[in-house]
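Visitor: Given the coordinates of chain A, assemble chain B onto it according to the supplied hints.
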Amino acid sequence: MMSITAADIGFNYVKGLVSTSDRRAFFPSVVGEPFAETFSMPGARKTRLTVTLDGQVYPVGDTAMQQSTHAGGALNADWVLGQTWRVIFCAALSDLHKASVETTVVVGLPLEDYTALEAQLTARLQGQQFAFKRNGGNHQTVTVKDAVCLTQPYGSLLDQAMDNGGHILSNPFSTGMVGVCDIGGNTLNLLVCDALEERSQWTRGDGLGLLETLDDVARAIHQRLPGITPKAREVSAWLAAGEFSYKGEKHDVMPIVKPFLDPLLDRILDRLAEVWREPGRFDAVLLTGGASAVLGKVLKTRMDGVYPNVTVAQDAQWSNARGYLKFGLDFWRA
Amino acid sequence: MPAVHFSFTLDANLDSHTIRKLGTQPNLSATVRAALVAYFERPSHADLDVKLDTILEALRNVQVVKGEGAPEQAAEGSEPAMARRGLESMKARFRNGAGG
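Here the protein sequences line up with chains A and B, keeping their order.
Going by the working numbering, the first residue of the first sequence is number -1, and it counts up by one from there.
Going by the working numbering, the first residue of the second sequence is number -4, and it counts up by one from there.
Be aware that one or more of the hints could be misleading.
[To be verified] Here are the computed lysine-lysine pairs in the BS3-like style, where the Cα-Cα straight-line distance is at most 30 Å:
hint	chain 1	residue 1	chain 2	residue 2
1	A	K143	A	K96
2	A	K229	A	K256
3	B	K46	A	K131
4	A	K295	A	K248
5	B	K46	A	K96
6	A	K256	A	K245
7	A	K131	A	K96
8	A	K143	B	K86
9	A	K131	A	K143
[What the hints assert, rightly or not] A few chain A positions that, by computed beta-carbon distances, are all more than 10 Å from chain B:
hint	residue
10	W77
11	R122
12	K143
13	M160
14	W200
15	A218
16	A239
17	E241
18	F242
19	D250
20	E272
21	V273
22	R279
23	V296
Derived by calculation from the structure, the hints in this document are not laboratory data.
Cβ atoms here follow ideal geometry from the backbone N, Cα and C, with glycine treated the same way.
One chain only, chain A, in its complex shape:
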């Protein structure tokens, strides 16, 4: 059976899975300044990640953040049509496939951008060959035989509603009226489905600005502790851990972050009240997306009592990718 590749390429992190092995792709959605390919690749150890594409060598993920002064990731929604996204996609493919293969691909887009970008993104994948080298190694070609693009929160819903073989489970997420609140690095996706079919009147996508908030937090940390100039992505990791190190001592991150996160939580709750006006119609609400690891628990506390059965997805940053893979298993089942 041909493999199915699930790639959740978010503004913040890349999460990739494949149906034929336990391999995973997980790295920051960042690409560094490219440099010309040479015969020697000093320091190109396996712990680093570079992708050679179109004769240029691109540092990717942590390698880009460490090596490049001008590392760039997603800035605008249409980044999915550009070279940065293509490099990141190839890096994910190189994590998931160790040889030249044919595969089918499931990707996703935020609700806000789906209508404008889905057709162009799918066309850039379907039937295309991606020829690249990982860390200056052997040439590898991945041929995408077929591709489908979902909305990101639908992936999270399917992760709850289907088993690992891509079969529909019988539970409130598959049979009920479910609200999915997917909080990404830069997006807020609000999806409502009734028995897995979208209810458009309660479905909206917005920019959220979590990354901007994290930038503000990073500046606040720098003002308070001038010995470090953290990046937004570092702050995100510190938030998940609850602490960070400064001059060999652990510091609680919450007192610094709270004044910035509270307005963000208020914005999310305002948006929920506006879009999901009839909470009594819901059977369950799912909080998911990479940022729900940081905001989920606090948000759930504030939503309990208003919305029924509010659940924070386990290992939420992988929810979309797992759902994409389950969708693919059903979609291409022989």
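Guide: Frame of chain A; chain B shown alone:
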């Protein structure tokens, strides 16, 4: 066995600990032979780098599974019909690019 003799010098001050240890060995030649064989056969830095890379590559592909017990599995023939209709409808919309 045909014997070959080498002599070497130790510093009475710097190597005093080694000299004391050598003095307690019941078979000095066997001890020195074993030490030299181990020295010459030790892995080089390049060998260790290759091993480290192999281990790191293996660790990178380790899947950490959270949660308790076995993953939930759908019972055969138990698929809720309404949910199947809903999913089929969405599959058609995604295939036609109208999922949003």
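Visitor: For each hint, tell me whether it holds in the structure or not.
Guide: So, going through the hints one by one against the coordinates:
A hinted pair counts as satisfied when its Cα atoms are at most 30 Å apart, and K143(A) with K96(A) qualifies at roughly 18 Å. For the hint pairing K229(A) with K256(A), the CA-to-CA distance comes to about 18 Å; that is within 30 Å, so the pair holds. With a C-alpha separation of about 22 Å, the suggested pairing of K46(B) with K131(A) holds against the 30 Å cut-off. Proposed proximity of K295(A) and K248(A) is supported: the alpha carbons are some 23 Å apart, at most 30 Å.
Restraint check: the Cα-Cα separation between K46(B) and K96(A) comes to about 19 Å, which is no more than 30 Å; the hinted pair holds. Between K256(A) and K245(A) the CA atoms are separated by roughly 23 Å; this keeps the pair inside 30 Å, and the hint holds. As the CA atoms of K131(A) and K96(A) are separated by approximately 11 Å, the hinted pair is consistent with the 30 Å bound. The suggested pairing of K143(A) with K86(B) holds, with an alpha-carbon distance near 18 Å, which does not exceed 30 Å.
A C-alpha spacing of about 20 Å is found between K131(A) and K143(A), which places the hinted pair at or below 30 Å, so the restraint holds. Chain B leaves W77(A) outside its interface by the beta-carbon criterion, the shortest separation being 18 Å against a cut-off of 10 Å. Against the 10 Å criterion, R122(A) stays outside the reach of chain B, whose nearest CB is about 13 Å from its own CB. The claim that K143(A) lies off the interface holds: its Cβ sits roughly 15 Å from the closest Cβ of chain B, which is beyond the 10 Å cut-off.
The non-interface label for M160(A) is inconsistent with chain B: the shortest C-beta to C-beta separation is roughly 8 Å, within 10 Å. The claim that W200(A) is not at the interface with chain B holds, since no C-beta of that chain comes within 10 Å of its own (minimum 14 Å). Taking the minimum C-beta to C-beta distance to chain B, about 32 Å, the non-interface status of A218(A) holds against the 10 Å cut. Listed as a non-interface residue, A239(A) keeps its Cβ farther than 10 Å from every Cβ of chain B; the least gap is roughly 16 Å.
For E241(A), the condition that its CB be more than 10 Å from all CB atoms of chain B holds, with the nearest at approximately 21 Å. The Cβ of F242(A) lies farther than 10 Å from every Cβ of chain B, with a closest approach of about 23 Å, so its non-interface assignment holds. At roughly 25 Å from the closest C-beta of chain B, the C-beta of D250(A) stays outside 10 Å, upholding its exclusion from the interface. The claim that E272(A) is not at the interface with chain B holds, since no C-beta of that chain comes within 10 Å of its own (minimum 19 Å).
Separation of V273(A) from chain B is adequate, the least Cβ-Cβ distance of about 15 Å exceeding the 10 Å criterion. Against chain B, the non-interface label of R279(A) holds: every CB pair exceeds 10 Å, the least being about 16 Å. Residue placement check: V296(A) keeps its beta carbon more than 10 Å from all beta carbons of chain B (closest about 21 Å).
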